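*Asks:* In the order they appear, the protein sequences are chains A and B.
Be aware that the first sequence starts at 1, since it is given in my numbering, and climbs by one per residue.
Be aware that the second sequence starts at 270, since it is given in my numbering, and climbs by one per residue.
Certain hints may be false.
[As the list claims (entries may be wrong)] Some residues of chain B that are not near chain A, with every Cβ distance over 10 Å (derived):
#, residue
1, P287
2, A322
3, M326
4, K338
5, C533
[Claimed, not checked] According to the in silico footprint, chain B covers these stretches of chain A (three or more CB under 8 Å from chain B):
#, region
6, 104-112
7, 130-136
8, 244-253
The hints are simulated quantities; they were obtained by calculation from the structure and are not laboratory data.
Everything numeric in this text was worked out from a predicted model, so none of it was measured.
We treat Cβ as the ideally placed atom computed from N, Cα and C, and that holds for glycine.
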Amino acid sequence: MGKDALRALTRELRIDIIRMLEAAGSGHPGGSLSVVDVLAALYTGPLRHKPEDPVWPDRDRVVLSKGHCCPALYAVMARCGYFPRERLFELRKLGSPLQGHPDRVRLPGVEASTGSLGQGLSVSVGMALAAKVDKKDFRVWCVLGDGEMQEGQVWEAAMSAAKFRLGNLTAIVDLNGGQIDGPVREVMDLEPVEDKFKSFGWETKEIDGHDFQHITQALARKPGQAPYAILARTVKGKGVSFMEGKAEWHGKAPTKQEADLAVEELSRG
Amino acid sequence: MAKATRQAFGEALLKLAPAFPGMVVLDADLSKSTMTAAFAKQYPERHFEFGIAEHNMLGAAAGLAFCGKIPVVASFACFLATRLETIRVSIAYSRANVKMAGTHAGLGIGEDGATQMGLEDVAALRALPGIAIVQPADEAETLQAVEWMLGHEGPVYLRLTRQKLADVHGSDYRFRLGVADPVYEPAPAEARLQASVFATGGTVGPAVDAARALAQKGFRVRVMNCATLAPFDDEAVALASEQSQRIVTVEDHNLVGGLGSAACEALASRGKACPVLRLGAREFGESGTAEELYRKHGLSADCIAEACIRNLGA
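Next up, chain A with everything else stripped away, as it sits in the complex (with noise of 0.2 Å):
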């Protein structure tokens, strides 16, 4: 998809998520609105898959192991016809298969249920190392959140998915720079990431992840023998200029008037 088009596109599924977290009354705007164009890239580029199928075999898996941004996840989803997009007002409300953190029982087209965060590229990895014990082509996509890094057990994965070689496995991170308490250099400074991950034995390519020609170029990398992270600074809010950068939107939903103020300046945008 051309970036006019994915520009159009992401419009509207920052309209979608803020319409929905607004039906809602609760979830994590900040990080979703970060999310959407690396996401709205992956589902409308790369990414083999089959929404009227979401079981087939040999679609590829992603994982959002960034769970609490599952609105972006989830507007996606409706955008390529895993659900109707009306459903998606239904998010966090009691039976509702779009659950306020991804569930992979509840909703098909879900490969992990995630919102525990650090575990996401544990299950990637074995997915992955599943396609190369049967010998197949499909890969595996696991979207992280830069305060997830601070988890163990995602260093363990990602020692793990070098040992194994697993260049059918790309690790795309939300480097938005911002979580609950505050800026991440503040809260657990990651820095340097890129040099963490190369370390760890992976592939990496930082990029800005709201400019299309980089995400687009990045996805469209062909695996090789080792894992490969994709680095893509974001902003947190992005889109929204009353949410942008600010930590207080990472998990506080729009009320009417915030909505309406934010829709009116995307439909503008």
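For this one, chain A is given, so just place chain B on it according to the hints.
*Replies:* Frame of chain A, contents of chain B only:
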């Protein structure tokens, strides 16, 4: 013949590997102790060494399961079950078809001491919906339990011993999930049994020895093997409470949250007034021989026998 259930487990993996081609085995640097080394040697492409990184190993097992594999994850009971958060979300909540084998259960491992002794694993995993917990009592039951585990759809925790366990089942025995089976029957008589003993894993042998010794003194005690700790055989305990003066539970596990707790829950919720004497670890383990530790912590045949006839009033 007497055999450690971890050894029977390792042999079962080798024996069943052809019948379950999807099975793969994961280890965290303990394959020589968990006895998966033989499988790893014969099926190198189906064995994954994760190093001393149990969280990652458990999460990867979930990923393998989601792609149709039957992952068997092996480590010491205490090193697996305490990675509860990954088991809770990536395996139990996600209904991943992961089989967890926790060897070195309880005091029975002996000299290695407290930090290697799994004494809380059942309590932790019982709290997670959907995980079957099975603790075989001997070689025959281990082989059948492993075969059942590999064919069962859903997460399983298999609890295994380092020490050798005597055979307590005949060749006609058939393992059935959730069903406690009698391994020692006293001579039939009208009166109620002196006691019904519910034992599991390493304590079944000592319980049978206790019952035999008591029979010679005229006390009638039945011994029930509880291989399945979840889902627990509530009915067997309820029935036993009507046929016995008391229930005795004995487990190489903490007294909180294991077999004893499950038995009490079963009786209390049915309004049964039968007294229950619970034998198990009341504190962390320590170094010593398995026999010494069973004696000191109340799990030996003598301790069990004493509990069966102890004057409750005193």
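*Asks:* Next step is simple, just say for each hint if it's right about the structure.
*Replies:* Here is how each hint holds up against the structure:
Taking the minimum C-beta to C-beta distance to chain A, about 16 Å, the non-interface status of B/P287 holds against the 10 Å cut. Consistency note on B/A322: stated as away from chain A, yet its beta-carbon is not over 10 Å from all of that chain's, at 4 Å minimum. Some Cβ of chain A comes within 10 Å of the Cβ of B/M326; the nearest lies about 8 Å off, and the non-interface call is violated. Distance check on B/K338: its Cβ comes as close as 5 Å (rounded) to a Cβ of chain A, failing to clear the 10 Å threshold; non-interface status is violated.
Against the 10 Å criterion, B/C533 stays outside the reach of chain A, whose nearest CB is about 31 Å from its own CB. Proximity of the region 104-112 of chain A to chain B, defined as three or more residues with a beta carbon under 8 Å from a beta carbon of that chain, is established by the 4 residues found. Counting residues of the region 130-136 of chain A whose C-beta lies closer than 8 Å to any C-beta of chain B gives 4; at least three are required, and the coverage claim holds. For the region 244-253 of chain A, the stated coverage by chain B is violated: 0 residues have a C-beta nearer than 8 Å to a C-beta of that chain, whereas at least 3 were required.
Figure legend: structure checked against the earlier numbered hints; hints not met, in rising order: 2, 3, 4, 8.
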